[in-house]
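Line order of the protein sequences matches chains A and B. The first sequence lines up with residues 1 to 101 when you count with this note's numbering. The second sequence lines up with residues 1 to 101 when you count with this note's numbering.
Fair warning: there could be bad hints in the mix.
Claimed, not checked - Sample of chain A residues at the chain B side, in silico, Cβ under 10 Å: (1) 37; (2) 40; (3) 52; (4) 64; (5) 78; (6) 90; (7) 91.
To be clear, the hints were calculated from the coordinates, so they are not data collected in a lab. Every residue gets a Cβ at the ideal spot worked out from N, C-alpha and C, and that includes glycine.
There are 2 protein chains.
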Amino acid sequence: MVVEIAEIDVQAGHEADFESAVERALPLFHAAPGCHGVQVLRGVEQPSRYTLFIRWATLEDHTVGFRGSEAFTRWRALVSPHFAAPPRVQHARSVLGGDAH
Amino acid sequence: MVVEIAEIDVQAGHEADFESAVERALPLFHAAPGCHGVQVLRGVEQPSRYTLFIRWATLEDHTVGFRGSEAFTRWRALVSPHFAAPPRVQHARSVLGGDAH
Numbered sequence: 001m002v003v004e005i006a007e008i009d010v011q012a013g014h015e016a017d018f019e020s021a022v023e024r025a026l027p028l029f030h031a032a033p034g035c036h037g038v039q040v041l042r043g044v045e046q047p048s049r050y051t052l053f054i055r056w057a058t059l060e061d062h063t064v065g066f067r068g069s070e071a072f073t074r075w076r077a078l079v080s081p082h083f084a085a086p087p088r089v090q091h092a093r094s095v096l097g098g099d100a101h
Numbered sequence: 001m002v003v004e005i006a007e008i009d010v011q012a013g014h015e016a017d018f019e020s021a022v023e024r025a026l027p028l029f030h031a032a033p034g035c036h037g038v039q040v041l042r043g044v045e046q047p048s049r050y051t052l053f054i055r056w057a058t059l060e061d062h063t064v065g066f067r068g069s070e071a072f073t074r075w076r077a078l079v080s081p082h083f084a085a086p087p088r089v090q091h092a093r094s095v096l097g098g099d100a101h
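All chains, please: the whole structure from these sequences, using the hints.
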């Protein structure tokens with residue numbers, strides 16, 4: 001399992017529209033091979049910054065499968081009009097931790 | 001619920017020692033009032049970069065309670081010798097999403 005961490009700064013005033021666009025796009029991820037879930041967080045210190053955590057079975061499910069699919073084109077068409085800058089994307093793997101109480 | 005997102009670049013060659021230090025420090029978080037779990041991810045593109053997701057009941061449980069506690073001093077004593085730079089910390093709240101399949 002690999003986690004895609006995507007940091008997206010949206011244009012000021014576009015926050016509600018961006019969230020609606022992401023909500024409409026969620027089925028694209030839910031239907032994508034290897035996608036195990038999307039979590040969307042909004043910044044406290046920077047409320048126009050969103051962090052998306054998207055869990056993939058393998059790195060290639062994201063970088064090859066999803067990015068090469070029609071679903072990626074539709075995803076970007078929905079959300080990119082609200083971007084203030086290109087998203088910063090990295091991948092990471094869980095090494096430690098879990099729930100506490 | 002608020003998520004602390006801490007990005008920590010460690011010194012090259014210190015990865016194993018950093019992970020051991022974090023593991024030893026986990027009980028400090030598990031015992032901290034309002035802390036609901038710690039997840040530690042290691043970067044794929046940048047293997048000396050770690051991202052910690054720490055869930056807190058409230059922002060102040062982290063910024064006031066934990067940072068003002070003896071546990072924070074012990075946490076930093078364990079991990080800071082491995083830092084390549086000061087951690088970048090932000091907070092965020094979940095707005096959308098969940099598990100897929």
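Original post:
Given residue 52 of chain A as an interface hint, is the shortest Cβ-Cβ distance to chain B below 10 Å?
Top reply: Hint on residue 52 of chain A: holds, closest Cβ of chain B at ~8 Å, below 10 Å.
Subject >> Agreement of hint residue 91 of chain A with chain B interface, Cβ distance less than 10 Å >> reply: 4 Å, holds
Subject >> Agreement of hint residue 90 of chain A with chain B interface, Cβ distance less than 10 Å >> reply: 6 Å, holds
Subject >> Proposed interface contact between residue 78 of chain A and chain B, which counts if any beta carbon pair is under 10 Å >> reply: 13 Å, violated
Original post:
Is the shortest C-beta separation between residue 40 of chain A and chain B less than 10 Å?
Top reply: Nearest chain B Cβ about 4 Å off; hint holds.
**OP:** So, residue 64 of chain A near chain B? Judge it on the closest CB pair being under 10 Å.
**Re:** At 14 Å from the nearest chain B Cβ, residue 64 of chain A fails the 10 Å test, so the hint is violated.
Original post:
Once the shortest beta carbon distance from residue 37 of chain A to chain B is found, is it less than 10 Å?
Top reply: 4 Å, holds
Of the hints listed earlier, those the structure fails to meet are numbers 4 and 5, in rising order.
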